[in-house]
Amino acid sequence: MSVIVVLLGFSMLLAAGFLAAFLWAVRSGQYKDKHTPSLRILFDNKRRDSHDSSSPTS
Amino acid sequence: MGFQEDHVISSTTLCAHCGDPLNGPGIIHDGKAFCCNGCRVVYEILGSTGNCPAPVVQPVDTDRFAYLDEPTVVERLREFSDGHVSTVSFLIPQMYCSSCVWVLEHLYRMDQGILLSRVEFLKKAIAIRYDETKTSLRKVVELLTTLGYEPRITLESVDRSAPPPPDRSLYYRIGIAGFCFGNIMILSFPEYLSGGTVDAQLRHVFAYLNLILSLPVVFYCSTGYFQSAAGGLRKGIFNIEVPIAIGIAIVFLRSVTDIVSGAGPGFLDSLSGLVFFLLLGRLFQNKTYDSLNFERSYTSYFPLAVTTRHRGTERTTPVSDLHPGDRMVIRNNEIVPADAVLIGGDAAIDYSFVTGESRTVQKVPGDLVHAGGRQVGGAIELDVVTEVSQGYLTRLWNEAAFAGTPRRGLTTLANAVSKYFSAGVLIVAACTALYWFPRDAASAFDAVTSVLIVACPCALALATPFAFGTALRVFGRNKFYLRNTAAVETLAGISTILLDKTGTLTRPSTSAVRFVGTPLTDNQRSMVASLVRNSHHPLSRTLYESLIPLPLRPVQHYRELPNAGIEGEIEGATLRVGSRTFAGAPTESGPAVDSGADTTEARVYVRFGAEPRGHFALAGAYRDGIESLVTRLQTRHDVVLLSGDSDWERPQLERRFGPQLPLYFEQTPADKKAFVAGYQQRGATTMMVGDGLNDAGALQQADVGVAVTENIAAFSPACDAILEGSRLTRMDTFLALARSSRRVVLWSFAISVLYNAVGLSFAVRGALSPVVAAILMPVSSVTVVAFTTLAVQMIARRRGLLS
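As they're listed, the protein sequences go chains W and X.
Count the first sequence with my numbering and you get residues 1 to 58, in order.
Count the second sequence with my numbering and you get residues 1 to 803, in order.
None of these hints come from the bench; they were simulated from the model.
There could be a bad hint or two in this list.
Computed list of lysine-lysine pairs in DSS-like fashion (alpha-carbon distance at most 25 angstroms, straight line) [unchecked claim]:
1. LYS479/X <-> LYS34/W
2. LYS419/X <-> LYS32/W
3. LYS32/W <-> LYS124/X
4. LYS235/X <-> LYS34/W
5. LYS32/W <-> LYS235/X
6. LYS123/X <-> LYS34/W
7. LYS363/X <-> LYS32/W
8. LYS34/W <-> LYS124/X
Start from the sequences and build out the full structure, keeping to the hints where you can.
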């Protein structure tokens, strides 16, 4: 019986985690522009100039 | 490449870079066609060998953006600056496909000072972060213009106060309501499915957990309903939110008493489900078109600054600082921001934004030039007569009558029905109470609350957003963009339609002109041009524009004969231009078809001396199929035509549209607005279809103002709906769909009443168990949502609005 209560607690915790993730996603503006990122992913982001600091060019 | 061929660009040509079909004529470069400048630039960059200098496309006039060096202007445009790194945002209407995004997000390759540029494609907006020590705002804008992406910098870009923070609360509310609804459902299942064999202690745990989970639903997610119910009641309006708020409150209180007293699990699953569905309906209703703005006033269209001349020195003055007496210098393609008197230069003013008519008007020094005209040609100088906010057209916006005052209170269908619905429910509740009280006081409380729970008008509240929301989306697919779902509902009840003529019924673009008959020499063409230049007849103006640039000759003995044509003497020769009967036709010119109602072609005949030479054929000034549209609209509505032109065209219009169409000429912008108001006072629900700034007042005044535009991204005055010009002839179908949608809403009200009757039959007997409520309420919501969306879609498909 108490096992169910413990499980219940965990499941709630898990679900609350997903809720928090959703709220964070809304807050960080992910629902603001739902179209441009889908175009951006198609670009080849090789940066060849001085701004480049992260991605090594191969 | 040795082989080059002439490309004939048709509408089915595909872009050489991205493969999308061309939007209009496209851009032809290097023998290839591109859909937009982005594709052309990307094509060039990819084609060039690696290190890519920005290909210069459109050289920018040297001083065009000089005003962007003014610190005050920079200060107002900039969103953020730490003195080193600054951020600005622009609207770029020319954005068309993903290549545009690519070019605009790689600006840093072309200007070392640009640190980052991010595009929001649907809004056609770009945010640019740049280093002020390496570049300047002016250079950034010049770079964009060079690439073919001139940002729209207008008064509005600085006049708007900080943009309101995006309203995300609806998303939060839906997320939380969904979370609570799901969990409450799971926790309620054991109770429903086990048939009462759940351990009593567990049942307690479940019930109290449910209670905790329902708190955010009642006290956060549904606060909007309580607020608008309270707001409505304060104003004496019984809106649909009132019974919803009462329902939520009663369900919650009943559930709390049930749980605390141990009488049962309460109705919390129904409650949270109800709130969740209602919020989803709101989200569905809130369909917005990111790149459209229904609130535009003249500020979004007037320039930010103009060049002024003071004692021989030129400087840039913000438009808001212009005073009467200031001397402005307006260059090619610049807009005159204030009513002014022309002092010098060849003024050819294009009033297309004002009248919707793409025709340039010649002005001579001393003439008054109204604000809103665009100079075409060389630089001109003007003296400001009135301040920008006091101009002839801008005054219309500043009139108190529609400075943010709410529209006439339209009773929406749902609000009207909810009144009777609630009255009915209260009567049933009272009867239930009367029946039960003498018998069993405890059961009376149960039964009465059950009645109020089950009769919550959830389905009633869902029908409107889903039916009209679906219609809104169907309209959007057909390039008819409505501001909100309330506009769909108003559209369904339109009784009077007022049409603007120029730019609405006619196509604003200069129509194609060809000459039929003995070919004219250049000399003769210039004689025709000199003659027709004197006439204000639109056919003359169109003809004139198709003929220039040609040297003009002095005209003597100029005469204009109404409904016939014009006559004059040039270099000794008498010239007649006009109708067939007036000018005569050469004998071999084929069948005597005159410009009649059955042809979309207008003919202007020409005679030199005594010799008829043939005619100019002016194709399709009116939109195709406009006559039959007017006839179709007349079967259900009062249709009225308002025109700013003088009434020389009356006979032609009467022939074209028949005598039943009331025609009103010489209507000023203020007249048009008063006209609409007059109809409204007589109880008509009006729709104004117009374009341009001169209709702005009427568009605002009308119950539904529809702005017709050739290019959705272009400027359109504040209105309730924006319609692409080519779809105007489907207006009757749009109205029919709006009416059908309203019928669908009424049908779903009937369905909802049916469900309520079933629910009430349980409730009045005091037999409404949580299980029954938990099944009945979501089922009724889902049926209504499914019925409305599917029915509206089906009707749209049958009417050819959806494929």
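*If you draw a straight line from the CA of LYS32/W to the CA of LYS124/X, is it 25 angstroms or shorter?*
Since the Cα atoms of LYS32/W and LYS124/X sit roughly 13 angstroms apart, the hinted pair holds (cutoff 25 angstroms).
_Holds or violated: LYS419/X and LYS32/W, Cα atoms, limit 25 angstroms._
Violated, because 38 angstroms separates the two Cα atoms, which is more than 25 angstroms.
*For the pair supplied as a hint, LYS123/X and LYS34/W, confirm whether the alpha-carbon distance does not exceed 25 angstroms.*
Holds, because 11 angstroms separates the two Cα atoms, which is no more than 25 angstroms.
*Taken at face value, is the distance from the CA of LYS34/W to the CA of LYS479/X at most 25 angstroms?*
21 angstroms, holds
*Straight-line Cα separation of LYS34/W and LYS124/X no greater than 25 angstroms?*
With a Cα-Cα distance of about 13 angstroms, the restraint between LYS34/W and LYS124/X holds, given a limit of 25 angstroms.
*Could you grab the alpha-carbon distance between LYS235/X and LYS34/W and see if it respects the 25 angstroms cut-off?*
Violated, at about 39 angstroms.
*Take the C-alpha atoms of LYS32/W and LYS235/X, compute the straight-line distance between them, and say whether it is at most 25 angstroms.*
35 angstroms, violated
*Keeping to a limit of 25 angstroms between CA atoms, is the pair of LYS363/X and LYS32/W held or broken?*
48 angstroms, violated
Checked against the numbered hints given earlier, the structure breaks hints 2, 4, 5 and 7 and satisfies all the rest.
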